[in-house]
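**Student:** As a plain string of letters, each chain reads:
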Amino acid sequence: MSSIMDEVDLLRRVPLFSQIDTTKLKLLALASERLRYAPGQVVMRQGDTGDAAFVIINGEAEVVIQKGQEEQVVAHLGRNDIVGEIAILCDVPRTATIRAAGDLDVLKITKDRFVRLLSDFPAVSVGVMRVLADRLARTTQELYSAQAELAAKG
Amino acid sequence: MSDHPLIPDAMEPSLARYIWRHTKAQQVWILAIVLLSMPTYFLALDLPKRIVNGPIQGRGFETPDATQTFMTVNVPYTDIVLYDGVELTRLGALALLCGMFLALVCVNGLFKFYINTYKGRLGERMLRRLRYELVDRVLRFPIPQFRKMKASEVSTMVKDEVEPLGGFIGDAFVLPVFLGGQAITALGFIIVQNFWLGALAAGIVFVQAVFIPRLRRILIKLAKQRQLSARQLSGRVGEIVEGITAVRTNDTSNWERSELTSRLGKIFLIRYEYYQKKFFIKFINNFLAQFTPFLFYSIGGYLAIRGSLDIGQLVAVIAAYKDLPSPVKELIDWDQQRVDVQVKYSQVTEQFGVDNMVDAKLQMPETGKVEPLTGRIEVSNLSVMDDSGAKLIETANYSGAITERVAIVGGVNSGAETFIDVLARLVPTTGGSIQIGGRQLGYMPESVTGRRIGYAASDGFLPQSSLEDSITYPLRHAPLRPREDLTAEDEQRLELERGETKLSGNTMLEYSDDWIDYDAARVSNEEELTDYILKLLKFVELDNDVHDLGLLAIVDSQEFPELADSILEARRKMRDKLEESGMSAHVESFDPDRYNNEATIGENLFFGRPVGREFADAAAYNHPYANRILKETGLDAKLYAMGIEIASTMHELFADLSPDDPLFDQFSFFKPEEMANYHGALSRHSETVFDAAPGDIRAMFMKLPFSYSEPKHRFGLMTEELRKAIVDARHAFRDNYPEDLEGAIAFYDPDAYNNASSVEDNVIFGRIASGIAEAPERIRALVLETLAGMGLDDTIRRAGLYFDIGTGGKRLSQAQRQKIGLVRALLKHPDLMLMNRALGGLDPRTQKILVERILKDAAGSDGNPPYGLLWVVSQPQLAELFDRVLVFKDGSLVEDGKPDELKARGGHFAKILA
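If you're matching them up, the sequences are chains A and B in order. Residue 1 is where the first sequence starts when you use our numbering, and the numbers rise one by one after that. Residue 155 is where the second sequence starts when you use our numbering, and the numbers rise one by one after that.
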């Protein structure tokens, strides 16, 4: 059984939380639930309302986009990645399904706790912004290349 | 039925007459006893004088061996001697007289004992009678009366305001005679000793008896005000409780506080004035009482010195006087009490003597069969006004077969609801007539209207009970079958109770009998009734809800043994299923020999669920028995050390947290405001070893680990050694468990049903592992699957019938309450159903489904005859499903016909539907 101190060590390795002092990390660890998912088990489902964000502690997860009957794995997430924060920040349904690829350990941070964290620690807010900005840049990049591809074909 | 007293409508205005009417014989008896006690009382007064004058002062014993004759008995007013008496010396006479004195004291005491007990019983009986009569009247009040009365005021009157009457009733006639007799005896005695001293005492008594009561009448007015204001206070408090949502949602709590303050202020002034007057009178009274001895000592002493009064006489006069003020004072107190209770009594009778009460005969218990209603409903020229004279219905006429299925359409205040309530006799008519099956509705006994007519409204009140008792309420009309499982002892006790009941003029209908009228539900026994209830629950779409309630229900296995057996079976099946599907790790079962990591230390130690207050969480560590076991097993020091660690971690984590942070509720071992306390204790004692720690510090820290569980808190405090120590302590706790705590904890036993756990927890019998994603959902699904697979769903629903619905049924949703209301109305197979927007709280789809089902049912099915419907529908569209529609508007019945015809006509109904 893991104790809070083990989880604090794990959390400290997550770049987003590296600035937070130990006590606050302990509190965060206490407030979050550590969960184990079996291979193939769904962590969150596209279209559901979001009530929590997840930090991956161990293992790997797939990001799956569903279009009608078809589904497409668009990305893989690994250790120290944070996922699910968009739905709780913007109150929009989950934009993708997250599924365990192999045994997966996550730390589940509830919406309320996550929002408190952001307001208490500007550094965390900036970190989250950086993650989001990164993702936006990547998506924009992908959009450009897709458009370029289309233009080349057309 | 002579066993069932009919309480007259009017209340006797005079308390004295009311008491006399019901207790004549007993009052005369007790009077006789009191008079019988007088001679011994007089003798007891006379003896001291004879002892002092005779043996002590030596009168009649002038020589050492002189003797006197005692106890000569002769026939009064003659010289015939029946017994010569005994010759006694001075010492012998002293012994005899003192012995007689002692005997008289005993006899007097026994008289007092008997009289007081008798009076107490008499008073309690009358109080019981009065309370019964008051509530009997409440049961017969005309319904509009309830709009003027506050529930809490009525209960205060029945409970508190008549209470002092009980104490007075026993004394109503006896006390004045008894005390008056005593006073006159004592006075007479003094007069016999010395006329002038007697006359003095009599004069002062006279002043007291005349002057004081006059002063006291001022108090009456204040007493009345005091009673009224106290009653209003309880009415207001009741209103605050009932209207608490409005207070909280409007920020009016301070208005309520201020209103309360002003009310309490007024009550204070009234009471203060009352006390001032009361103690002033007491002062005068005491002064007069002390004034008399002054006269005795001065004048009596003067007379004794002068030699015109012997000392024995003076001592006797003073001894007799010692007994005089108290009866006089008590007499005056009695008079005050009389006035006081008469005020209370008349205040109560004013409130309970209401006009137009339901005739007591209409509520006579009827154990026989009630014939069904047949024929037609004829309403002619019906008009209804409310208390203020506003017209609710103006000359409505209706005629139809009872079995017709009629929808009533109309908005609020259209008269539609009033029409239904008039037919249910909840609203009195102002004019016109209503006949059902050829009989005037107003004269039909409630045994007919209450059994043959079903009524359901949107806001039916459900008193607190189990779901089953709530549903079967309409079947309790009269005691039908005596209980069969009575022992000879029970019988004897019941017999005794019945005797008392009869003497108090209460109803002789036996509460403990079986009142359920199976015939009315067209079933023949309890088993069939439950089946019928389950059928009805399905009929109103409540079966799934009741299934859910069944899983949550805490059921005593003795009441429902089949459930316990099947649930134990389900527990085993569940375990197998978990194994099969590789989910064993999802549940950590309760194993008597293993520490359950998912449970708290407290639960692991007691290894059961607390039932009573003895081991409820916060106080558990403090229980002497628990304390003893902790001490003997040495666990106390370990828990104390652990408590210190918990407290310091808590302090580290939570010190800077705002007290309203939800983490406190979720994880804290103590309240935010206790933080400073623990901080202080930590800074002083974090190094103190257990043996050196003061008791309160020990308690503070020892209680913390009880709610600690490693997976939840993850402070990393559990060691293998500690787990073992706790399991050992668990065994010690169980093995030495004292008999007198039996039932305080329902211990976990893998082979037994746990009476304090819910049905679902009994199936799982363990804690769901934390840290496995979706484990609770999966386990829930598995529980449902297991139970369904075993065909136990109906059994679970039966368990759901044990669910406690809470005060006013508040643990059910409004929709559930309305459905229960419908089940109650249907259960008795009425000939006519009156529905007053009874399903308004349900979603439109369910409303439609239920209306369709009931319409079909009402047409006659399953061998049941058809019944009629008069239904104020919440959605006008639903009216189209009925055979006939009545449209009310502004208190008038404006349209009446088949739905299609009305639609085609293009009148009100067509407009409402459009």
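Source of the hints: derived by calculation from the structure; they are not laboratory data. Wrong hints could be hidden among the right ones.
Said to hold, decoys possible - Across the chosen pairs, the derived CB separations fall in these ranges:
hint	chain 1	residue 1	chain 2	residue 2	range
1	A	M5	B	D882	24 to 30 Å
2	A	M5	B	E928	25 to 31 Å
3	A	T95	B	M944	52 to 58 Å
4	A	V92	B	S1046	51 to 57 Å
5	A	M5	B	A791	21 to 27 Å
6	A	E33	B	R301	39 to 45 Å
7	B	R402	A	E33	57 to 63 Å
8	A	V92	B	D613	36 to 42 Å
9	B	E1006	A	V92	52 to 58 Å
10	A	M5	B	G849	32 to 38 Å
11	A	E33	B	E841	47 to 53 Å
As the list claims (entries may be wrong) - EDC-like, lysine to aspartate or glutamate: derived pairs with alpha carbons at most 20 Å apart:
hint	chain 1	residue 1	chain 2	residue 2
12	B	K378	B	D314
13	A	K24	B	D314
14	B	K866	A	D105
15	B	K1065	B	D1054
16	A	K108	B	D1054
17	B	K866	A	D134
18	A	K108	B	E654
Note that the structure is a prediction, hence the values are computed from the model and not measured. Beta carbons: idealized from backbone N, C-alpha and C, even for Gly.
**Student:** Hint by hint, which ones does the structure fall short of?
**Tutor:** Violated: hints 3, 6, 7, 9, 11, 13, 16, 17 and 18.
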